[in-house]
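S.K.: Here's the letter readout for the chains.
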Amino acid sequence: MQALRLVKVAGKSIIKNKMRTLLTMLGIIIGVGAVIVMVAIGEGAQFEIEQQIQNLGTNMVVVTPGAAQTSGASQGASSFSRLTPEDAKKIKNESIYSANVSPVFSSFRAQIVGGEGNWRATILGVTPEYQVIRNWDTTSGRFFDAREERTGAKVVVLGKTIVDQLYGDRDPVGERVIVNRVPMQVIGVLESKGQTADGNDQDDFIVLPYTTARNRILGRWSFMRQILINTYTPEDIPLAQEEVRAILREAHGLASWEADDFEVRNQEQLSEAAQGTTEVMTALLAAIASISLLVGGIGIMNIMLVSVTERTREIGIRMAIGARGSDVLTQFLIESIVMSILGGALGIALGVGGSTLLGSTMGWATAVNTETVVIAIAFSGAVGIFFGFYPARKAAALNPIDALRFE
Amino acid sequence: MSEIKEVIRVLDIRKTYEMGKTKVHALQGVDFSVREGEMVAIMGASGSGKSTLMNIIGGLDYPTSGSYFLDDIEINKLSKNQLADIRNQKIGFVFQGFNLLARTSALENTELPLLYDRSKRVKKHSEAARHSLERVGLGDRVDHFPNELSGGQQQRVAIARALVTNPSLVLADEPTGNLDSKTTVEVMSLFQELNAEGVTILLVTHEDEVARYAKRIVELRDGKIIRDIQQTPDIAAQDLKELLATRANDQGIEELEAAEAD
Ligand SMILES: Nc1ncnc2c1ncn2[C@@H]1O[C@H](COP(=O)(O)OP(=O)(O)O)[C@@H](O)[C@H]1O
Ligand SMILES: [Mg+2]
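Protein sequence lines correspond, in order, to chains V and H.
Count along the first sequence starting at 1, add 996, and that's the number in the working numbering.
Count along the second sequence starting at 1, add 1496, and that's the number in the working numbering.
Don't read these hints as lab results, they were simulated from the structure.
Just so we're clear, the structure is a prediction, and the values are computed from it rather than from any experiment.
Think of the CB as a built atom: it goes at the ideal place given N, C-alpha and C, for glycine as much as any other residue.
Just to be clear, a hint being listed does not mean it is correct.
[Stated by the list, open to error] Among chain H residues calculated to face chain V with C-beta under 10 Å, some are:
hint, residue
1, Ala1598
2, Pro1609
3, Asn1691
4, Gly1694
[As the list claims (entries may be wrong)] Simulated crosslink set (BS3-like; lysine-lysine; CA at most 30 Å straight-line):
hint, chain 1, residue 1, chain 2, residue 2
5, H, Lys1586, H, Lys1616
6, V, Lys1008, H, Lys1576
7, H, Lys1517, H, Lys1501
8, V, Lys1390, H, Lys1711
9, V, Lys1008, H, Lys1619
10, H, Lys1517, V, Lys1004
11, H, Lys1517, H, Lys1586
12, H, Lys1517, H, Lys1573
13, H, Lys1619, V, Lys1012
14, V, Lys1004, H, Lys1616
15, H, Lys1586, H, Lys1501
16, V, Lys1390, H, Lys1576
17, H, Lys1711, H, Lys1586
18, V, Lys1189, V, Lys1088
19, H, Lys1586, H, Lys1720
20, H, Lys1720, H, Lys1501
21, H, Lys1519, H, Lys1576
22, H, Lys1616, V, Lys1390
23, H, Lys1501, V, Lys1390
24, V, Lys1004, H, Lys1586
25, H, Lys1720, H, Lys1573
26, H, Lys1711, V, Lys1012
27, V, Lys1004, H, Lys1620
28, H, Lys1519, V, Lys1390
29, H, Lys1576, H, Lys1619
30, V, Lys1008, H, Lys1616
31, V, Lys1004, H, Lys1576
32, H, Lys1620, V, Lys1012
33, H, Lys1720, V, Lys1390
34, H, Lys1620, V, Lys1008
35, V, Lys1008, H, Lys1573
[Said to hold, decoys possible] Restraint-style ranges between C-beta atoms, simulated for each label pair:
hint, chain 1, residue 1, chain 2, residue 2, range
36, V, Ile1381, H, Ala1598, 25 to 33 Å
37, V, Gly1007, H, Lys1678, 37 to 45 Å
38, H, Glu1689, V, Ile1381, 47 to 55 Å
39, H, Glu1705, V, Ile1381, 49 to 57 Å
40, H, Ser1542, V, Ile1381, 21 to 29 Å
Just chain H, with the same shape it has in the complex (with noise of 0.2 Å):
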């Protein structure tokens, strides 16, 4: 195990947000690390941090204090240029309200993170993105407009656009918060499929129905870690296959009472 590359170390980070005279303590000393391949879901109820610690990890905000680690950089001691670049790079965000440019195809908002790529590793853009879009399913989708796409498909466009740089890190806060809970199924499929092709997964969740497709659960109160766990997780494909099965099976029903009813 030992020689499976740490994606993310975090080391006692504490993160505190002064509102005029009072100071809340959204993170009180966190230490965990994320290894090369991990599906983690981040639990805890409403307040208790998990948004705070996300931004942190994703490069989007600085701790108060303590230090962080991605791909062994320190990420806290960068500057905000080169704190952009490693979200460009290196991470992949979903958010839960999906953060699609409006009026712009799915090929061109999965396309956006290479327009601010200075590494320039990806020369096709537009090729990239249709792969990238092909992995998540929406390969006869590119063209379509965010307003011509369901829940799911928006979410499935936010996680090709996340995919598009090769990320050593998929970063999801509440990526199924949004969507029914066939879609969420549906999504987390996708994200268990992703996780099995190697990329590392780290999702904000409080619904134990979403945790339980995770690897390993990690439960923050009060901006502390109080449970880290490893588990099998069930499997999202095979829940969605018995959900469709019971939903044609109604619709089956309900065709044969409408039948009888004749």
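Next up, chain V with everything else stripped away, as it sits in the complex (with noise of 0.2 Å):
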């Protein structure tokens, strides 16, 4: 009931100084807002990873050079391993659970000399199987074969992107191009797939047999990334992970007691690897976020200061006419909790707007969810608390004598 009342005592403080409570709140307003839209970002982001990861087929499991670095100790300088082709062969000839192997090669930014002019996009050497386990498409020609492969031909699928820059609307198939002063054919144009929802082009790459493009383009020592390899089922994924491991293992020459050179992952395990990077980068947003949350409570408890020392009479008056001390800390502190509270609410308001906006006209993901707005609302009235004892405490220490006397 004593409660009530105070809170309708501090509702009409706040009403009757509109622009103190205003600025009292901004700190709030803009550190909860701030928050919401990095979790949002961080969590928009986790989001495009794990659909990106998605959009690599289905029932895939990707092998990557290097030791997994679980333990945390590294296995030293005479662990450096590579893949290569070879090891692809070994998988497709041995593997009974795998369906399609193809090795991946790849090189960002060549020069890409045709049609209207040039261009600069990535290269991907692989197989045809590639096609196959990445469920790609062509709308104009064809894929390359496996005798192209073997032979090493100087043949190019473009994607969609390279053909509007070169090409406009004209069918390229039988055209030349330049790849890195090399020059090859078009055989096909690839489906486009569109951009991600953050504005990553997904067709501006070529690809051609790795054979050409080891031996014509990246040069006969270059890195192979990966080899990707998908199952008939899905049950047949962690069979097909533990086949490939034997045999690698088996082809590097590997003892008992040497660790593995290489990781075999599903999309599951490659997922987790990249949730766990956002899940820090979206905790470092939100930590920076917070920092300002911080400094908006610094500020609520900076102006109860000051409207402490400005309404010394007032609190003089209250305590003349009977308040107890206990009853003065209650009316700053509900006060300093409401602020913190409304500037919190504010704050969501902004956090979502501001989110949906950026989603909107950056093409960013964003995702806010319920989970974070509560916490923003909990965080707020903490920060109030916290930041308002102080000073409602020092109003309520005040000597009603001296506090009366105050001009």
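Once you've looked at the hints, go ahead and assemble the two chains, each given alone in its own frame, into the complex.
M.R.: So this is what it looks like as structure tokens:
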């Protein structure tokens, strides 16, 4: 009952000093808004990466070079490892559970000259099975075949963006392009996969046989990024992983006491790894934004302290007519809590609005969840209590005679 | 006379302020009592200890030594919270500077003591406050803010606020210090009226003009009582009537003169 009346008193005081209230809340509004936007961006990025991994295809197993870093201890310089096309061939020949196998060579920003001009794009060196694994279609022409792979034929399949840049509306199949000074023939155009939600062009690359890529463009000692494998069924995935591991250990001549010098992961494990990094990113963004919330809290304390001094006479009057120290403390504490929760609510509105705006104008994936909102409200309430307590106690400790004499 | 209740009894009250190494003996052994229904003016030169005495009687401060009873409760033995409750329920304060809350209506200002009334004697706050404002003649000003009221009206709101809890005692420290002579007489007339209704009033003043409306004068000098006399008070309402008549007269003459000049 008494508390309810004090809430009313605090409410009146807040309404009677609109400007002061707004200034007090500003820090919290911005702080909470920032936290929500940052977390939304972080979660959006997580969702994005998840999508990309799902887009890789189905029933996928990925082999990458290098020891797993799980034990923390590095295997030492001697364990520098490579994957070779022979590894991929061995898997292809010996694995029962693997349906399609392709080595993946790649290079960023290769120079492509043809049609109307030139362009820089990623090149991918793979086998025809790669098309099956990724489930890609061609809109014109065809993908290269096993014979072309074997012979290292100078043929390329273009992504949609390359076609747009170099040929406009023209069909480039049959045309010649020069990739890093090597003339090649265009045999197909890939179906567009559009952009990712964060604006990454998924069509800005060319594909060619890995043999050609290795021999003509990247060089014999070029680095093989991965071996991409798919299985017939999802149930086969763990079996394939074990099998591939055994095959590669044998191929690399590893003794039983030696650790793997490669990693075999499925999609789930890939996204777990990616999730780990984006979670760190989200936490970092949230931490930075939390600092602004802290600054907002200090702002509340600052203005509450000024307000206590400014209202010394008011406090004196209240005490003279019978307010106890605890009444004054409660009044100021409630004022501070109400202001910070109100600020938190406005901050949520700002944060949700800001995330939506960022999402639509910048093309960033953002995701606001209720959890963040609830935490933001609770946190701003806590900020109000924490930073309101000191000024409130100062008010309550005033001596009524001195307070009344205060000019 | 002896069956009339003593509201205040002060026994050998001393108050010493320590300011660094120097000590100020603001009260040096004050003994006196006030009975229900009295209207006492405490007089004395500036620095004689009037406010110090009022603060102790009002439960805002503790004496250095001596004892003080209000309604037979030994006030100087109470805790700060108990003191706050005593101020709330037994005492009504009126200050020289009015001390109303700004941007707060007369009604809300008057209600304020009820907010802190833990005894919950008064149920309907705004009704009680309205009645209190009517008592001081401001029934038509309940929604006005302090800055929309004259000094005399503000002081009357403060008096209404002091009365709203039906206190045993109204304390007023230089209540007319900020008012002009006509308003002073108005406020004193109101105090006399309330006193006639049974309210015990203790007021501090250094002006004879004000003290002559009290039934009793207690004079302080250097923290001691040097004079304590009963007197027949002048009637403020009467003075006010005369004052208004002279003013009207003066105004009439002015008007006449103005008419003659035409
Ligand atoms: N808080 C205080 N600290 C120190 N000295 C004080 C304080 N309050 C009053 N005094 C001193 O006590 C004496 C009495 O003051 P006061 O009661 O205010 O007198 P009055 O109200 O009659 O003018 C004065 O000398 C004054 O300076
Ligand atoms: Mg004084």
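S.K.: Confirm or reject each hint.
M.R.: Hint check results:
1. Ala1598: holds, 8 Å
2. Pro1609: Constraint on Pro1609 (chain H) satisfied, holds at 4 Å.
3. Asn1691: violated, 21 Å
4. Gly1694: Not OK, violated: Gly1694 (chain H) not within 10 Å of chain V, min 21 Å.
5. H:Lys1586 - H:Lys1616: holds, 14 Å
6. V:Lys1008 - H:Lys1576: Distance ~27 Å between Lys1008 (chain V) and Lys1576 (chain H) Cα, so the pair holds.
7. H:Lys1517 - H:Lys1501: violated, 42 Å
8. V:Lys1390 - H:Lys1711: violated, 43 Å
9. V:Lys1008 - H:Lys1619: holds, 21 Å
10. H:Lys1517 - V:Lys1004: Answer violated: Lys1517 (chain H) to Lys1004 (chain V) is near 46 Å, above 30 Å.
11. H:Lys1517 - H:Lys1586: Violated. Lys1517 (chain H) to Lys1586 (chain H) sits at ~37 Å, over the 30 Å cutoff.
12. H:Lys1517 - H:Lys1573: Measuring from Cα to Cα gives roughly 28 Å; hence the hint holds.
13. H:Lys1619 - V:Lys1012: Within the cut-off at roughly 26 Å; holds.
14. V:Lys1004 - H:Lys1616: holds, 17 Å
15. H:Lys1586 - H:Lys1501: holds, 15 Å
16. V:Lys1390 - H:Lys1576: Cα-Cα ~16 Å, so holds.
17. H:Lys1711 - H:Lys1586: Holds - the C-alpha atoms of Lys1586 (chain H) and Lys1711 (chain H) are around 22 Å apart, at most 30 Å.
18. V:Lys1189 - V:Lys1088: With Cα atoms ~28 Å apart, Lys1189 (chain V) and Lys1088 (chain V) stay inside 30 Å; holds.
19. H:Lys1586 - H:Lys1720: holds, 26 Å
20. H:Lys1720 - H:Lys1501: holds, 25 Å
21. H:Lys1519 - H:Lys1576: Roughly 25 Å between the alpha carbons, so the hint for Lys1519 (chain H) and Lys1576 (chain H) holds.
22. H:Lys1616 - V:Lys1390: Holds: Lys1616 (chain H) and Lys1390 (chain V) sit about 28 Å apart, inside 30 Å.
23. H:Lys1501 - V:Lys1390: violated, 40 Å
24. V:Lys1004 - H:Lys1586: holds, 25 Å
25. H:Lys1720 - H:Lys1573: Given pair Lys1720 (chain H), Lys1573 (chain H) holds - Cα atoms ~23 Å apart, limit 30 Å.
26. H:Lys1711 - V:Lys1012: violated, 43 Å
27. V:Lys1004 - H:Lys1620: Roughly 16 Å between the alpha carbons, so the hint for Lys1004 (chain V) and Lys1620 (chain H) holds.
28. H:Lys1519 - V:Lys1390: holds, 28 Å
29. H:Lys1576 - H:Lys1619: Roughly 25 Å between the alpha carbons, so the hint for Lys1576 (chain H) and Lys1619 (chain H) holds.
30. V:Lys1008 - H:Lys1616: holds, 22 Å
31. V:Lys1004 - H:Lys1576: Distance ~25 Å between Lys1004 (chain V) and Lys1576 (chain H) Cα, so the pair holds.
32. H:Lys1620 - V:Lys1012: holds, 24 Å
33. H:Lys1720 - V:Lys1390: Roughly 36 Å between the alpha carbons, so the hint for Lys1720 (chain H) and Lys1390 (chain V) is violated.
34. H:Lys1620 - V:Lys1008: Between Lys1620 (chain H) and Lys1008 (chain V) the Cα gap is close to 19 Å, so the pair holds against 30 Å.
35. V:Lys1008 - H:Lys1573: violated, 36 Å
36. V:Ile1381 - H:Ala1598: 25 to 33 Å: For Ile1381 (chain V) and Ala1598 (chain H) the Cβ distance comes to about 28 Å; the hint holds.
37. V:Gly1007 - H:Lys1678: 37 to 45 Å: holds, 40 Å
38. H:Glu1689 - V:Ile1381: 47 to 55 Å: Holds - the Cβ-Cβ distance for Glu1689 (chain H) and Ile1381 (chain V), about 49 Å, lies within 47 to 55 Å.
39. H:Glu1705 - V:Ile1381: 49 to 57 Å: About 53 Å separates the Cβ atoms of Glu1705 (chain H) and Ile1381 (chain V), which means 49 to 57 Å holds.
40. H:Ser1542 - V:Ile1381: 21 to 29 Å: Given range 21 to 29 Å: violated, Cβ gap about 46 Å.
The structure fails hints 3, 4, 7, 8, 10, 11, 23, 26, 33, 35, 40 (numbered hints given earlier, in ascending order).
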